[in-house]
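Residue numbers (my numbering): 1 to 415.
Keep in mind that a hint or two might mislead.
[Said to hold, decoys possible] Using C-beta positions, here's what the derived DEER-type ranges look like:
| id | residue 1 | residue 2 | range |
| --- | --- | --- | --- |
| 1 | 80 | 347 | 41 to 47 angstroms |
| 2 | 328 | 188 | 38 to 44 angstroms |
| 3 | 148 | 176 | 32 to 38 angstroms |
| 4 | 269 | 180 | 34 to 40 angstroms |
| 5 | 234 | 261 | 21 to 27 angstroms |
| 6 | 320 | 249 | 16 to 22 angstroms |
| 7 | 176 | 358 | 33 to 39 angstroms |
| 8 | 347 | 302 | 38 to 44 angstroms |
| 9 | 80 | 175 | 20 to 26 angstroms |
| 10 | 295 | 261 | 25 to 31 angstroms |
| 11 | 324 | 365 | 21 to 27 angstroms |
| 12 | 141 | 60 | 27 to 33 angstroms |
Hint data in this document are derived by calculation from the structure and do not stem from the laboratory.
Every residue gets a Cβ at the ideal spot worked out from N, C-alpha and C, and that includes glycine.
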Amino acid sequence: MKRVILFLLIVAVFITPSAATLNVVVITDPTGKDPNGASGGSMSFAQNMFQSTFILSKDKQYTILSGGEGDSTARLGAIVETIKRFEAGATPAEAAAAANSFSGIRIMTGSSTQGAAVAGSFDAYLIMVEDNGTITITPYTGGVAVLPPGKKGGIIHLRNTHGNPKYGTATKVRQETAVNIGKMIRDGYPATKIVEEVFNEVSNDAGEKYGGGAVNMASGITTGDMFTPEKLNTTGYPMDTPYSKVCPNDGWSIGYPGADNYQSCPIDGSPLKTLYAYDALGNAITVTGQTVKVSIYGTDEIGIRETTEEIVKASVKKHGYSNIEIANSINRGINNGLLVGVNYVEPKDINVKPSSRAVGVYFKPLSDRRSAPPWDLPVSSSLLGIIGNMQTAIGIILVLLVLFRSTLISSFLKK
1 MKRVILFLLI VAVFITPSAA TLNVVVITDP TGKDPNGASG GSMSFAQNMF
51 QSTFILSKDK QYTILSGGEG DSTARLGAIV ETIKRFEAGA TPAEAAAAAN
101 SFSGIRIMTG SSTQGAAVAG SFDAYLIMVE DNGTITITPY TGGVAVLPPG
151 KKGGIIHLRN THGNPKYGTA TKVRQETAVN IGKMIRDGYP ATKIVEEVFN
201 EVSNDAGEKY GGGAVNMASG ITTGDMFTPE KLNTTGYPMD TPYSKVCPND
251 GWSIGYPGAD NYQSCPIDGS PLKTLYAYDA LGNAITVTGQ TVKVSIYGTD
301 EIGIRETTEE IVKASVKKHG YSNIEIANSI NRGINNGLLV GVNYVEPKDI
351 NVKPSSRAVG VYFKPLSDRR SAPPWDLPVS SSLLGIIGNM QTAIGIILVL
401 LVLFRSTLIS SFLKK
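All chains should be built: construct the whole structure from the sequences, respecting the hints.
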């Protein structure tokens, strides 16, 4: 957490203000036993969403979401104070209340077992769902709104950003989305799926659509930088637009805009499935029997992360957590042109942890701006060099023969 605080303080010097205008926390299993039972996330029409998206404590299973109309310094001060309170054993309500000491700032907190809260400057609905299916939705503006420990429910804050073409829709969409959250909790959907649907509904209906991202508090999973902006003072990925195309059979995938060039899988010819950004968000934070957390190191080439994730998942599904098979699958992807700009990997480059369903892939970028590694031919490179030199020599001789053929013929006839 200290490194997170230091990072935020440093970048605050270089960025313009940002404000997460959607904050949502959903808890469907307050016991913490369901790996998908507690989730949350943020997005906005504003810039710099990485600053206001989320902070996740994997050890203590809590999240901090921030936003508001105050400046960056005040927001960072509220975040730091909230972290301090959590680390000292505070409840979500006690931790979130730190926002009330900072003008224009909002903090929303959640825990897989201790409930959720929002404090500071906000317009939110508190949703509670009883075991008998009764849904209670209560509006709150400012102060502190609390989802108590042991209760199923959620909190959603939503405002419109100035400049959003759908400005003025937040009040209606906030209420409609709160009702849908209550219904989905009542009907047994996991928290991660509900947060996915919230991102779908809000991005389409209220226009607060740029990521941002989401967390799974119970399992300690985040979307990381999947949707946050790559550059300072820009918006993130629009959550209501296509994100990638995936082959349902072998896991091959390609992200947009490159996906526009493919209608079928280049491996088996089957139709590709289009995933919107909110679909990808839900998939990233939802734990299933086949869930594999893939981490990529050594390259920033476009499309490598998404394609490698799908190749690794397909390999694990077929062969289990074998670093040999995963390496073979990745190298086939390189040979097939699915992965460009990286060298072949070896089993030692694949770090597998079956207990946590995690795979780390360490790539080596290609030198000399190559797009593909050299062929693995059954001859040595020195032999190829000799052959190349011989071909060059023969080529020079042929050129000389063509240029001086008349002189050579005349000389031959005289003899």
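Tested hints:
For residue 80 paired with residue 347, a C-beta distance near 43 angstroms keeps the hint of 41 to 47 angstroms intact. In this structure the hint that residue 328 and residue 188 lie 38 to 44 angstroms apart at CB holds, the actual value being about 40 angstroms. For residue 148 and residue 176, the Cβ-Cβ distance of about 25 angstroms falls outside the hinted range of 32 to 38 angstroms, so the restraint is violated. Between residue 269 and residue 180 the beta carbons are some 38 angstroms apart, a value that agrees with the proposed interval 34 to 40 angstroms.
Between residue 234 and residue 261 the Cβ separation comes to about 25 angstroms, which falls inside the hinted range of 21 to 27 angstroms. Between residue 320 and residue 249 the beta carbons are some 19 angstroms apart, a value that agrees with the proposed interval 16 to 22 angstroms. Separation of residue 176 from residue 358 is about 38 angstroms and conforms to the stated range, judged on CB atoms against 33 to 39 angstroms. Evaluation of the 38 to 44 angstroms hint for residue 347 and residue 302 yields a failure: the beta carbon distance comes to about 26 angstroms.
At about 33 angstroms, the CB distance of residue 80 to residue 175 disagrees with the hint of 20 to 26 angstroms. Distance hint check: the CB atoms of residue 295 and residue 261 are about 28 angstroms apart, consistent with the given range 25 to 31 angstroms. Range check, residue 324 to residue 365: about 23 angstroms between beta-carbon atoms, so the 21 to 27 angstroms window is met. For the pair residue 141 and residue 60, the beta carbons lie near 29 angstroms from each other, so the given range of 27 to 33 angstroms is met.
The structure is inconsistent with the numbered hints 3, 8, 9, although it conforms to all the rest.
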